[in-house]
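**Student:** Sequence:
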Amino acid sequence: MAGLAKFNFSMKQLYPAAGPFRLNTCANPDCANFGHTPDFSRKILPDKEKACPTRKAIRALQERLPGRYRLAGGSNDGDMRVAKLFEFAADPHEWKDQRKLQCRARLRSGTICKNGFSILSEDHLAVEADRLRNQNGVLDGPACGCCGQRFLAAPEEFCMNGAHQRTKTRSGAPISNRGIPKSVRVIHKRCKGQPGARITISLPHARQKDTKDNLRILHALLNSAGILDVQRMMGSASRGQSIGISRIYDRIAWYEEVFLAYEREMLRRWMAKVEASGKPLVHRLSHDDMVLTVNWETATDRRNTKLNCSVTADATSGYVYRIDVDFDPRARPLDIFNETYLDANGLPANLRGQYGKPNGRPVTAPLFGWQRPTGRFHEPQFFAACQNELIAFQETAMRKLPKRSPEDRKTREDLRDRVAHDIERIRLVAEDWFGFPGDDGDLRGSFRGMTTRDIYTKAAHFVLIREMLPPGQIILTTEQEATLPNVLPHVFEREIRENRFTWLMMTFDKKAKKPDILRKVKDYRKDRWTFYNNGMYDGRFTEDTDPAVVTKAFIAAKMSIATSPFGGPFPIVNFHGSAFPQLWMRSPTQSSGEIDKVIGFPIVGPWLRHQLKAMPFNPPTLDDDIREDLAEHIWNATLQPASTFMNSIRERLGPAVRAESGGARLKGSYVQGAVYNPKTLISLLNIFRVHYNYFEPRPYESPWTDSLEPRAKRGTPRSIRYPGTNETVSIPQKLRSRPLKRTPAMRHGIDAFVRGAKGDKAVPNLYRLMYRPWLYANTKVGMRLDRNRKAPPQADR
Numbered sequence: 010m011a012g013l014a015k016f017n018f019s020m021k022q023l024y025p026a027a028g029p030f031r032l033n034t035c036a037n038p039d040c041a042n043f044g045h046t047p048d049f050s051r052k053i054l055p056d057k058e059k060a061c062p063t064r065k066a067i068r069a070l071q072e073r074l075p076g077r078y079r080l081a082g083g084s085n086d087g088d089m090r091v092a093k094l095f096e097f098a099a100d101p102h103e104w105k106d107q108r109k110l111q112c113r114a115r116l117r118s119g120t121i122c123k124n125g126f127s128i129l130s131e132d133h134l135a136v137e138a139d140r141l142r143n144q145n146g147v148l149d150g151p152a153c154g155c156c157g158q159r160f161l162a163a164p165e166e167f168c169m170n171g172a173h174q175r176t177k178t179r180s181g182a183p184i185s186n187r188g189i190p191k192s193v194r195v196i197h198k199r200c201k202g203q204p205g206a207r208i209t210i211s212l213p214h215a216r217q218k219d220t221k222d223n224l225r226i227l228h229a230l231l232n233s234a235g236i237l238d239v240q241r242m243m244g245s246a247s248r249g250q251s252i253g254i255s256r257i258y259d260r261i262a263w264y265e266e267v268f269l270a271y272e273r274e275m276l277r278r279w280m281a282k283v284e285a286s287g288k289p290l291v292h293r294l295s296h297d298d299m300v301l302t303v304n305w306e307t308a309t310d311r312r313n314t315k316l317n318c319s320v321t322a323d324a325t326s327g328y329v330y331r332i333d334v335d336f337d338p339r340a341r342p343l344d345i346f347n348e349t350y351l352d353a354n355g356l357p358a359n360l361r362g363q364y365g366k367p368n369g370r371p372v373t374a375p376l377f378g379w380q381r382p383t384g385r386f387h388e389p390q391f392f393a394a395c396q397n398e399l400i401a402f403q404e405t406a407m408r409k410l411p412k413r414s415p416e417d418r419k420t421r422e423d424l425r426d427r428v429a430h431d432i433e434r435i436r437l438v439a440e441d442w443f444g445f446p447g448d449d450g451d452l453r454g455s456f457r458g459m460t461t462r463d464i465y466t467k468a469a470h471f472v473l474i475r476e477m478l479p480p481g482q483i484i485l486t487t488e489q490e491a492t493l494p495n496v497l498p499h500v501f502e503r504e505i506r507e508n509r510f511t512w513l514m515m516t517f518d519k520k521a522k523k524p525d526i527l528r529k530v531k532d533y534r535k536d537r538w539t540f541y542n543n544g545m546y547d548g549r550f551t552e553d554t555d556p557a558v559v560t561k562a563f564i565a566a567k568m569s570i571a572t573s574p575f576g577g578p579f580p581i582v583n584f585h586g587s588a589f590p591q592l593w594m595r596s597p598t599q600s601s602g603e604i605d606k607v608i609g610f611p612i613v614g615p616w617l618r619h620q621l622k623a624m625p626f627n628p629p630t631l632d633d634d635i636r637e638d639l640a641e642h643i644w645n646a647t648l649q650p651a652s653t654f655m656n657s658i659r660e661r662l663g664p665a666v667r668a669e670s671g672g673a674r675l676k677g678s679y680v681q682g683a684v685y686n687p688k689t690l691i692s693l694l695n696i697f698r699v700h701y702n703y704f705e706p707r708p709y710e711s712p713w714t715d716s717l718e719p720r721a722k723r724g725t726p727r728s729i730r731y732p733g734t735n736e737t738v739s740i741p742q743k744l745r746s747r748p749l750k751r752t753p754a755m756r757h758g759i760d761a762f763v764r765g766a767k768g769d770k771a772v773p774n775l776y777r778l779m780y781r782p783w784l785y786a787n788t789k790v791g792m793r794l795d796r797n798r799k800a801p802p803q804a805d806r
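Using the working numbering, the first residue of the sequence shown is number 10, and each one after it goes up by one.
Don't read these hints as lab results, they were simulated from the structure. Each hint should be verified, as a subset may be incorrect.
Taking lysine-lysine and the PhoX-like style, the derived pairs with C-alpha atoms no more than 20 Å apart in a straight line are [claimed, not checked]:
id	residue 1	residue 2
1	K15	K123
2	K15	K109
3	K191	K789
4	K567	K529
5	K93	K21
6	K21	K109
7	K789	K198
8	K419	K409
9	K535	K561
10	K531	K519
11	K622	K123
12	K561	K519
13	K770	K750
14	K201	K191
15	K93	K123
16	K282	K767
17	K535	K567
18	K520	K531
19	K519	K529
20	K315	K288
21	K93	K109
22	K221	K201
23	K767	K750
24	K789	K201
Derived Cβ-Cβ restraints for the label pairs, each shown as a range [claimed, not checked]:
id	residue 1	residue 2	range
25	C168	A285	47 to 53 Å
26	K191	A262	16 to 22 Å
27	A285	P708	16 to 22 Å
28	N17	D632	30 to 36 Å
Ideal Cβ placement from N, Cα and C applies to all residues, glycine included.
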């Protein structure tokens, strides 16, 4: 848009306030600016050197001091905006909504860092972390009606005030043994005497008239049944009387709260036990993403909602720590718009930022993305959802309002004008002021909730993972995700400085066919066995050598350098530059379903990191010490637990299977039978994850279970009869490894099991677990409401 006026700002005018994670600093661990905000207190000399040696020495000294950055414009052309409303109606101004900073500090090698990153908001990250910490409010618990203080956040501020239960029979006789109450009263001591200070806390299942259907509904949902399947199943079980969808939704919400509260208590006990033991820990984590698409919510508004799910699991045990979705089901876009961008009179407000200039004259400009209260959401979808909510309301109202009399027609016309005025007001703010293009596609956010920006959800996901882990070494394996370079180094800054964090990136052939997989695995095992035998003859290995040592030596000897198909560096463009090494290696191992694995080393130990950064992406040779260190990291790199969990979701969770994108369809399409909304899908994902972790014993082998000799399974050899005769042929027992069936929680060391009648480990009784007040564990209310109920005989089978 040539000829338009432009806003010119300095870095000092735009740089936001620093937060605990210092997102707007250099993410290069080897840079002097790592974790350091710009220093505006001293004047940086210009880049053009003078002949004066004193000025030259001062400039060289300043280049090595932390705090030197440069404002580098927008991140891409899609950030270009034009403001043409209000004071800019007659003089439109062109501006970039997203700005980038470039680090100008010196590296260890003496060169300029030049690491670039977009400006982000730590306030948005804090809000997103608070949302995910309590799972969209599921684990918030009750609050004081006067001041809003959450009971679970500070139970010591509340005191008990009796229980709600019957004290007399229908005939008036007193009830002496009233048992455990179904609800109790508490008073917030600071607000005592004020309206709302006394609240009642009751169990979620207290009013359930028939509890025998709970296990049937749960098991159906966890085994590929959809919402309509559950409705038909429960209708046939209740003598032909159909139940409503809302009842199933209510049970799903109850399952989610019970399961998440149970998991939180188990993790708290595990954390306390691990910290008390004092043993050093090594957390091997695998992180991957999964994309789900859910149906539109109204027939008048054809739009799907695409959800990006972040999954992090423990590679040793298979325990899935979290699955977080970039969707806020509590958000109401139209309400947020009215509260944020309109004043009490309905006029536009909170749209401008004031930026001072050296001459004292302030400059007015639209708020940038990291400054806007709605910057946490996908804003083009946010403003489109606001308009579409009004459009859907208008079509519903026009269909139902009468139109016979002149008064009815006048009412309809007034309503139509009001909706048109509100839609135009939203359009003016979104398109003419903030410069967002109009959204006419079918892929938009749902107005019953709102999709969030993936970078904030991703950062909050890792913030919470860090909170959940006891102190120890962290080895994280991810794919090449564009949002990670500016997130992970800041979230794990303390661990990086203490040399307790390793970040590995991995990719493999996900489209490999089964015959190719079997062939490559067979060739790998043959090559590895030959390598082991040769090592036995050479004296490097013995019969007692750990198989892991053999595998690492095999990797060190057989790995090769990886390049792109065009002969350039293997990583994507987001990982080019001085922040990360350009060397990637191809692994010779073919195991855990990860075929043709290629590994990168963004953050490793300081010595190895400095060596790798000094190398080109295709060095002719590698030293033996470097090969040994790289082999250790290649051996650790795996995405198996996250991939296995995501495959289980797509195969076993009916709503997730039905909600895929629709194949080759270019626009949003309705998938028959998927009658849920995004909030319910998130609940089902959480329920499935906790059930997967605690209640599903199954065989599991970690990626490092690579024995040299197969173990014979127990049992007697079987015989088969020769056809047409009475002769039998004995078939020898096939040698194979048969790991025990255990849940990830058992393998991870979380006390989620009980001892069976024979002393063996068994999962907890699911029926008993669902009726315990796990949400109020370790509080006086929890002790009062705890029901030590026994499961009925049919639940034990």
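**Student:** Each of the hints needs a verdict: does it hold here or not?
**Tutor:** Structure-based check of each hint:
Between K15 and K123, the direct Cα distance comes to roughly 26 Å. Violation of the 20 Å bound is thereby established for this hinted pair. A C-alpha spacing of about 17 Å is found between K15 and K109, which places the hinted pair at or below 20 Å, so the restraint holds. For a cut-off of 20 Å, the pair hint linking K191 to K789 stands: about 14 Å separates their Cα positions. As the CA atoms of K567 and K529 are separated by approximately 15 Å, the hinted pair is consistent with the 20 Å bound.
Distance check on the hinted pair: K93 and K21 sit about 26 Å apart at the alpha-carbon level, beyond 20 Å; violated. With a C-alpha separation of about 13 Å, the suggested pairing of K21 with K109 holds against the 20 Å cut-off. A distance of roughly 15 Å separates the Cα atoms of K789 and K198; the hinted pair therefore holds under the 20 Å criterion. The suggested pairing of K419 with K409 holds, with an alpha-carbon distance near 15 Å, which does not exceed 20 Å.
At roughly 16 Å between alpha-carbon atoms, K535 and K561 fall within 20 Å of each other, so this suggested pair holds. Proposed proximity of K531 and K519 is supported: the alpha carbons are some 18 Å apart, at most 20 Å. Under the criterion of a C-alpha separation no larger than 20 Å, the hint pairing K622 with K123 is consistent with the structure, at around 15 Å. A distance of roughly 24 Å separates the Cα atoms of K561 and K519; the hinted pair therefore is violated under the 20 Å criterion.
Taken as a hint, the K770 and K750 pair is honoured in the structure, with Cα atoms around 10 Å apart against an allowance of 20 Å. At most 20 Å may separate the alpha-carbon atoms for a hinted pair to count; K201 and K191 exceed this at roughly 24 Å. Between K93 and K123, the direct Cα distance comes to roughly 35 Å. Violation of the 20 Å bound is thereby established for this hinted pair. Restraint check: the Cα-Cα separation between K282 and K767 comes to about 26 Å, which exceeds 20 Å; the hinted pair is violated.
Pair hint K535 plus K567 holds up; C-alpha atoms about 14 Å apart against a cutoff of 20 Å. Proximity of K520 to K531 is assessed by CA-CA distance (about 18 Å); at most 20 Å being required, the pair is judged to hold. Between K519 and K529 the CA atoms are separated by roughly 14 Å; this keeps the pair inside 20 Å, and the hint holds. Distance hint between K315 and K288 is unfulfilled; the C-alpha atoms sit about 43 Å from each other, more than 20 Å.
Between the alpha carbons of K93 and K109 the distance comes to roughly 24 Å, so the proposed pair goes past 20 Å and is violated. Taking the CA atoms of K221 and K201, the gap is near 41 Å; set against the 20 Å cutoff, the hint is violated. A threshold of 20 Å between alpha carbons decides the hint, and for K767 with K750 the separation of about 16 Å falls inside it, so the pair holds. A threshold of 20 Å between alpha carbons decides the hint, and for K789 with K201 the separation of about 19 Å falls inside it, so the pair holds.
The hinted range of 47 to 53 Å is not satisfied by C168 and A285, whose Cβ atoms lie roughly 31 Å apart. Distance hint check for K191 and A262: the Cβ-Cβ separation is about 19 Å, which falls inside the suggested range of 16 to 22 Å. Checked against the given bound of 16 to 22 Å, the beta carbons of A285 and P708, roughly 31 Å apart, lie outside it. At roughly 50 Å, the beta-carbon separation of N17 and D632 lies outside the given 30 to 36 Å, and the hint is violated.
Checked against the numbered hints given earlier, this structure breaks hints 1, 5, 12, 14, 15, 16, 20, 21, 22, 25, 27 and 28; the rest are met.
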